[in-house]
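**Q** With the hints as a guide, bring both chains together as one complex.
Chain residues, written in single-letter form:
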Amino acid sequence: MSWIGKTYGSALGKKAAMALSGLLLVGFVLGHMAGNLKAFLGAEKYNGYADWLREMGSPLLPHNGALWIARVVLLGAVLVHIHSAWSLTRLSRKARPKRYYTLTAQQATYASRTMRWGGVIILLFVLYHLAHFTWGMSWAHPDFEPGNVHRNFVEGFRVWWVVAIYVVAQVALGFHLFHGFWSAFQTLGLNHERVNAWRRPLALSIALVVSLGNISLAVSVLMGWVS
Amino acid sequence: MRLKLHIWRQKNANDGGSFATYARDDVSPDMSFLEMLDVLNEELIESGEEPVAFDHDCREGICGSCGVMINGSAHGPESGTATCQLHMRKFRDGDEIRVEPFRSRAFPILKDLVVDRSPFDEIIGAGGYISVNTGSAPEANLIPVPRDDAERAMDAAECIGCGACVAQCPNGAAQLFTSAKISHLAELPQGRPERFARATKMVEVMESYFGSCTNFAECEAVCPKGISIDFIAQMNREYLRSRFK
Ligand code: FES
Chain L
1 MSWIGKTYGS
11 ALGKKAAMAL
21 SGLLLVGFVL
31 GHMAGNLKAF
41 LGAEKYNGYA
51 DWLREMGSPL
61 LPHNGALWIA
71 RVVLLGAVLV
81 HIHSAWSLTR
91 LSRKARPKRY
101 YTLTAQQATY
111 ASRTMRWGGV
121 IILLFVLYHL
131 AHFTWGMSWA
141 HPDFEPGNVH
151 RNFVEGFRVW
161 WVVAIYVVAQ
171 VALGFHLFHG
181 FWSAFQTLGL
191 NHERVNAWRR
201 PLALSIALVV
211 SLGNISLAVS
221 VLMGWVS
Chain Z
1001 MRLKLHIWRQ
1011 KNANDGGSFA
1021 TYARDDVSPD
1031 MSFLEMLDVL
1041 NEELIESGEE
1051 PVAFDHDCRE
1061 GICGSCGVMI
1071 NGSAHGPESG
1081 TATCQLHMRK
1091 FRDGDEIRVE
1101 PFRSRAFPIL
1111 KDLVVDRSPF
1121 DEIIGAGGYI
1131 SVNTGSAPEA
1141 NLIPVPRDDA
1151 ERAMDAAECI
1161 GCGACVAQCP
1171 NGAAQLFTSA
1181 KISHLAELPQ
1191 GRPERFARAT
1201 KMVEVMESYF
1211 GSCTNFAECE
1221 AVCPKGISID
1231 FIAQMNREYL
1241 RSRFK
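Chains as they are written, first to last, in our numbering: chain L, 1 to 227; chain Z, 1001 to 1245.
Chain Z with its partners taken away, still in its complex shape (with noise of 0.2 Å):
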């Protein structure tokens, strides 16, 4: 397949960065978005250039590092799926890609295509934990979890934290992420006891970063594990809720 790619590049945090145009005419459809930019970087390193960073891991949709904005969608165009598990099969001969970082005010670039996604750790860090005693592991039938419940609590558990969601959103805001986090310890009895203060401090330190939901619905459109914007609507309860408590 032969490519253009205008691809975001940025030395370090201070500077300005602009797109920089690569043509490709080898690549493979089976090769992965991440392989294709892979290769492209091994010839930038012959040629003496600096490569192209992008952040990586698993490679299989698991670990939510990887992440950019491909054609104005985060992680490109397929539904469902994460950067990693994009293949260049997606894409059509002689198409031209054009590749951004994720851009939030809570997400500073540090260089190309790396963003700095620590605010996330901070939310969690607010109340994404249930506080137990320390020791053997307690026996995992003695609290009984009706099957609805934990199904939901899975399907919110599922989110990778990977910022799709905050990339997407033309306010910006991070509901999906912070509500998936909430929901999943909501839905659960080990959750329960703290609840209402998670959802105090979870959402206090994410309006402190990032915008305000219009309910657009897309961040679940481009989420790689298609978290529901239902999610959205249990944390808005749970923290209404806790203004009364």
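Isolated chain L (complex conformation) (with noise of 0.2 Å):
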């Protein structure tokens, strides 16, 4: 185990552990996107899905036990990104004391420049998103009803500015993935001549196909497509 704290002590030990967490985070927001446009297909196909989750890997698992890996993984994945972000970011602030007058800036796309305070609101998302739909809390969500997916995610896309949040926080997860994705395979040393042109193009798709299709769920039910 030393090795891992050794390597994680090193800032391209941090930049790798990023990355990983980051991939995984990526397989979460796909794999939870595609889930969820289950709600497309009616009630009872949704809750069926809701349902599935809970039981997945039954026998082996107890109920709910599988879910219940997955947040402890996909926490720890959480806190991982967050941390290394948060030391990379201080030794990069110390790494220039004195700042520029001007600085102009060259390549760096937006999306590379909005890393970490999109990252930000992301988080901050994510909780209001689990107080939204899982905790169901009464300022968020007042006419939850636990156990019920399908009826709680129409009522909670009812109301615009609801809707707002979700738009801005999924356009803001494009920016993040476009960049972040790119960048893993930076960090990991995953370049070579013949898939280095395939990168970014595998960035911008993943960032458009999560973000879209989180966007369609939302604004499908604010305009009454469903219901």
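FYI, nobody ran anything at the bench for these hints, they're computed from the structure. Fair warning: this is a prediction, and the values are worked out from it, not measured in the lab. One or more of the hints may lead you astray.
Claimed, not checked - Sample of chain Z residues with no beta-carbon within 12 Å of chain L, all distances over it, derived:
no.	residue
1	1049
2	1051
3	1062
4	1063
5	1106
6	1131
7	1133
8	1139
9	1144
10	1146
11	1148
12	1150
13	1168
14	1192
15	1209
16	1229
As the list claims (entries may be wrong) - The calculated lysine-lysine pairs, modelled on DSBU-like cross-linking and capped at a C-alpha distance of 30 Å, are:
no.	chain 1	residue 1	chain 2	residue 2
17	L	98	Z	1111
18	Z	1011	L	98
19	Z	1011	L	94
20	Z	1004	L	98
The beta carbon of each residue, even a glycine, is placed where N, CA and C say it ideally should be.
**A** In structure tokens form, the structure reads like this:
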């Protein structure tokens, strides 16, 4: 285990941990988006999917077992992602104590320049999203009914400003994914002449699929296309 | 050409420093940027003032001595050139030009535009070499090198160690420099035996001085030798593999 500690002790090790935890989270947001598209198939299919998530792995795992394993792993990934980002940001801040009068941006993308604050926005959104649909806190979701996933989903997106919050957060997530996914290749040293040209388009596709998929859900309810 | 220069003046490492403004009205577009500063300095000396200190040596883009921030870009607006290769015709009549030293905690300002880049030497000292027995030079063709490997090694070896990558990086990171130095040896058979120890040690020194790369790619844009950030990925790979050795 000590080599993990030693590797994480270095900045490149932290970057690698950030990339690996990020890739895990990319996998999650992809699956989360794809699963939730079942909402378009109606209440029965959607609630059935939710039940299946709770029974996943049975009889090997108890009721809710796989769900809790996933939650613990995701929480771990989020904590690693945030801790590494935090300490590397501090390292970079320290590296230039006196700022330039002007520093002209050369070719850095908007997405790359908003990773840190974009990440903060995404974190705040995730907390709101959990309060909204998982914990069903009354300030976030007044009509929450535990277990009735489809109804909570439809009621939850009837308010325009709730949908607005989701749309803004998904745009932030899209930018974060666009730079983050590409950046993970660099960080993990996964470059090769034959794949380099594919890295940007792949990152763009993932960013678009995830954020547009999620936005389509919230907007469809607001427009009355799903009920 | 008429130009207005705002140049960072700082007496010594401990001085706070500030910008001084110099109006120039007969700058030839054929001058290099450093020649333009030479003429300014001659006038300053004549009028009994302290000339502007700046680093330079070869003045043909091969030594890596020169380097200042010109309007927020390391080595100025032209890509693929060092400050000494920049010509005044790249500016327009009436332009205001702001000249600042490279800024990094690792590069303390010694005077005006001159900074101390010795942490780069320390990174090289940590592993930017190969261990060979001295004596007569070995026969060059005894060790075959695949052409593509040689090309990549040469691309990396173009780095002149000017520090523009650090200067431009919003994180103050030295990834481009260090990765070029690691890669050019890792690509060649002579450098391979020590590759992992080299990556470990050079990265360690780098991290003790510089910030952390977020893959902005700003370094690549200002590098006078056009070193690619592909080498940064290669360094990351070398380093991560060294963790498993
Ligand atoms: S003076 Fe040698 S590279 Fe500019």
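**Q** Evaluate each hint against the coordinates.
**A** Hint-by-hint comparison with the structure:
No beta-carbon of chain L comes within 12 Å of the beta-carbon of residue 1049/Z; the shortest separation is about 22 Å. Distance to chain L confirms residue 1051/Z as a non-interface residue, since its nearest Cβ pair spans about 22 Å, more than 12 Å. With 12 Å as the threshold on Cβ separation, the claim that residue 1062/Z sits away from chain L holds: the shortest Cβ distance comes to roughly 23 Å. The claim that residue 1063/Z lies off the interface holds: its Cβ sits roughly 23 Å from the closest Cβ of chain L, which is beyond the 12 Å cut-off.
Separation of residue 1106/Z from chain L is inadequate, the least Cβ-Cβ distance of about 7 Å not exceeding the 12 Å criterion. Residue placement check: residue 1131/Z keeps its beta carbon more than 12 Å from all beta carbons of chain L (closest about 24 Å). Under the 12 Å C-beta cut-off, the non-interface status given to residue 1133/Z relative to chain L holds; the minimum distance is some 32 Å. Under the 12 Å C-beta cut-off, the non-interface status given to residue 1139/Z relative to chain L holds; the minimum distance is some 31 Å.
Taking the minimum C-beta to C-beta distance to chain L, about 22 Å, the non-interface status of residue 1144/Z holds against the 12 Å cut. At roughly 14 Å from the closest C-beta of chain L, the C-beta of residue 1146/Z stays outside 12 Å, upholding its exclusion from the interface. Residue 1148/Z, annotated as away from the interface, has a beta carbon of chain L within 12 Å; the closest lies near 9 Å. Every beta carbon of chain L lies more than 12 Å from that of residue 1150/Z, the smallest distance being close to 16 Å; the non-interface claim holds.
Interface exclusion of residue 1168/Z from chain L breaks down, the closest Cβ pair being 7 Å apart, not more than 12 Å. A cut-off of 12 Å between C-beta atoms confirms that residue 1192/Z is not in contact with chain L; the least separation is 16 Å. For residue 1209/Z, the shortest C-beta to C-beta distance to chain L comes to about 8 Å, within the 12 Å cut-off, and the non-interface label is violated. In this structure residue 1229/Z is not separated from chain L by more than 12 Å, as the shortest Cβ-Cβ distance comes to only about 7 Å.
Pair hint residue 98/L plus residue 1111/Z holds up; C-alpha atoms about 15 Å apart against a cutoff of 30 Å. Note on residue 1011/Z and residue 98/L: the hinted pairing holds, with a Cα-Cα distance of about 17 Å set against a maximum of 30 Å. As the CA atoms of residue 1011/Z and residue 94/L are separated by approximately 24 Å, the hinted pair is consistent with the 30 Å bound. Restraint check for residue 1004/Z and residue 98/L: the C-alpha separation of about 24 Å stays at or below 30 Å, so the hint holds.
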